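The sequence shown begins at 13 in my numbering and counts up by one.
Think of the hints as simulated: they come from the structure by calculation, not from any bench.
As the structure is a computational prediction, the values presented were derived from the model and not from experiment.
Glycine included, every Cβ here is placed at the ideal spot set by N, Cα and C.
Please note that a few of the clues may not be correct.
[To be verified] Between beta-carbon pairs, the in silico distance windows are:
hint, residue 1, residue 2, range
1, 685, 100, 36 to 44 angstroms
2, 204, 134, 54 to 62 angstroms
3, 612, 179, 52 to 60 angstroms
4, 343, 204, 22 to 30 angstroms
5, 250, 181, 31 to 39 angstroms
6, 100, 266, 47 to 55 angstroms
[Stated by the list, open to error] Subject to a maximum C-alpha distance of 35 angstroms in a straight line, what follows is the list of computed DSBU-like cross-link-like pairs (lysine-lysine):
hint, residue 1, residue 2
7, 57, 556
8, 242, 688
9, 556, 567
10, 381, 556
11, 381, 532
12, 532, 451
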Amino acid sequence: MFRLLLICILAGPALWAQGIAITADAGVGGMVISPSTELRVTIAKLDSRPFVGRVHVELGNKDMLRAGRRGGRGGFGFMSDVTVVQDINLEEGLMQRVVRLDVPVANALSATVTLERQVSGNYHEPVAVAEVQMPARNDPGKIVGFVSAARLGLARPYMFFDLVEIPVNELPESWKALAGFDAIILNDDRLTRAQSNALIDYVAMGGTLILSPRGPASFNPETPAGSLLKIPATTSPRRVALGDYPELLKLPRLGSGEARGNANAVPHGPEEEASQPDATSGVRPSSGDQQFQYWPDAGRAVPVPDALGLASSAPVGAGNVVLLHINLSEFPFSVDTMISHANINVVNLALTGVVDRLGRTPYSSIGNKNVQEAIDIAGRRIPGREAMTLLLLLYVSIAGVGMFLLARRLKRPELYPAALMLAALLSVGIVFSFGELFKRSGDRARVVRVLVSDDTTGRAGMFTFGCSYVVSGNNLSFVQARDSLFVPLNTEARIARPGGMPDQVPDYETRFASTETHTKLAGLDRWQNVFYMHRHPAAPDDLKLRVDSLQGAYKVTNLSRHKLHGVMLLVPTGAAGGERCEWHYQAALEPDDNATFSSSTVMAREIATLEAALRADSPSPETFEVFAEVLNIHPAQRLTRHLNLNQVEGGLWNAGLLPGEGEYLLICLLPPDALKVDTLGAQDAEADQINQVNVWVVRGSLAVR
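Start from the sequences and build out the full structure, keeping to the hints where you can.
So, in structure tokens, the structure goes:
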């Protein structure tokens, strides 16, 4: 009640003219990070009467310096009008509600939030307004959020990462608001079920979750550790001494402070004189006689290399879960308002083990110009100027000469001009008729979809780069699940950074329902492409396989109902440089069948070998073309054919998918109908007008079964 009265005083009498007022704030941990953030709208009522209406959010940068209405370079924030709408219904007696919305973020967040009362039908009247303007963090540095009572923020000077505190009560209930964080450190058990599910979805979509257990409750079945790592709740710790881990007792090296401008740096800095914290820094030294609780059970996770057995990791969907076997908020890692050297060193060890995967998603493979050109519809359907000019000259020569010879044969030269005019009119009608038919026929949607799953949890991340074709009208609608992150692009789609927001978006409106989002683009032109990016946590029941390590071989069992094409199994060689993986290849794998990969299935390192195999085994030439671009093969560029598979491995590294020690990666093609097409913006199209290239990527650990 006190909070409600405080809002009344701060809001001012003008906002209470309708008996209701709103306040709005945004961000996670006090930061707004691309590609999406949480916008919180607090609605306070003066009386107990019910209220039916909506929250209407206009995103943009109308009051900021920018270059051009749309499509300009160098502006700040959105170069377009983006609208987000959420219907609300406040029951009688409910005096306050907080509405949480996931809103897209470019380089800044500028939002006008309007609370509107429903008058009748679709007519609404505004009753309260709030403004939100916040700069967005959009630099290449790594951002790590932490949910812990330990004051990990004190470790910033010793990190090449920026550590951001997220209070447990402010942890979002949607993975989309966490998508901009490269990693999340969780050292708190007070999570709601929705918050726990949001973290699991965040991992499946490419995030890294670092778990530091506080006690047995951290391993309950509904927690991330219990559900993703399969660690039983009956697990118990043992006492060990810091002296058994001398690396933790060392003075931590100074880092970059806030991790700006060095996206690929490892946490440890160069060799330099160790820092000497003063009495006010909040960082204290550690001693070897101090003891702590060590949780030995890692479940399905395997030890992180060079982490002294203090951290283990496992793939989950497109992301990773790292288990710290210690409690970061327990003595001797934390003492009251201080943290120890051991705390900083163990966090550095955990982050070093997964640094190559932080902030990397499959969009680095599919969100690029080559894939865009491969799935383009309008550019391939409508002939170019060169082709049209050639056809025109060919027609003029054939029609002109033909009419002249016909008139000469009939010995009626006076008919030549009239016949030529009639042929011209007829040809124009035919050309327009066939052109109209040609533009309307064919594909209505083309997409490349990368489904990344692991071999145990059933969690997966779906990454889509799509192109829908406007055949008639001037609008296009998309319907996705509420937990989807959907961003339309301009025709000249460009990606700002892998996993981030594109730097150009068209005008669009998104309406949130209880389980769906409805996105509508208006003001489009006929025969126009609409490109978009779509991300969605998935749990496909019919897509499963198993990889078993045998003596000198690997057995892959297809437990799905789909035939797999172009099956590639990558196993690390353990070499420090050069050939990172041993590549195995099988043309196909039937449902409920298995195949053995051994020395006889190892591929040559030349890219031309892989290109020839995929070209022969892909369901269609169009599928091969897109698949080859996703794998970084580029069949249209002859020079790339002389390179080796290091080029493909580099692309997998950029996507955060290159397998590490003790892991494997399996890549294959799924049939076009293996994934549903109801989110592709072509709901009224026939099945044969939707062209899907479905890539399935499975990650797993060879040592754990």
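A quick look at each hint next to the structure:
A hinted range of 36 to 44 angstroms for the beta carbons of residue 685 and residue 100 is consistent with their spacing of about 39 angstroms. As the Cβ distance of residue 204 to residue 134 is approximately 34 angstroms, the hint placing it in 54 to 62 angstroms is violated. Between residue 612 and residue 179 the beta carbon distance is about 57 angstroms. The supplied range of 52 to 60 angstroms therefore holds. For residue 343 and residue 204, the Cβ-Cβ distance of about 28 angstroms falls inside the hinted range of 22 to 30 angstroms, so the restraint holds.
In this structure, residue 250 and residue 181 meet the distance hint of 31 to 39 angstroms, their C-beta atoms being roughly 33 angstroms apart. Roughly 49 angstroms separates the CB atoms of residue 100 and residue 266, a value that falls within the hinted 47 to 55 angstroms. Pair hint residue 57 plus residue 556 does not hold up; C-alpha atoms about 51 angstroms apart against a cutoff of 35 angstroms. Taken as a hint, the residue 242 and residue 688 pair is honoured in the structure, with Cα atoms around 30 angstroms apart against an allowance of 35 angstroms.
At roughly 14 angstroms between alpha-carbon atoms, residue 556 and residue 567 fall within 35 angstroms of each other, so this suggested pair holds. Straight-line distance between C-alpha atoms of residue 381 and residue 556 comes to about 32 angstroms, which keeps the hinted pair within the 35 angstroms bound. With a CA separation close to 25 angstroms, the supplied pair residue 381 and residue 532 stays within the 35 angstroms bound. The hinted pair formed by residue 532 and residue 451 meets the criterion: a straight-line CA distance of about 23 angstroms does not exceed 35 angstroms.
Violated hints for the displayed structure, listed by number in ascending order: 2, 7.
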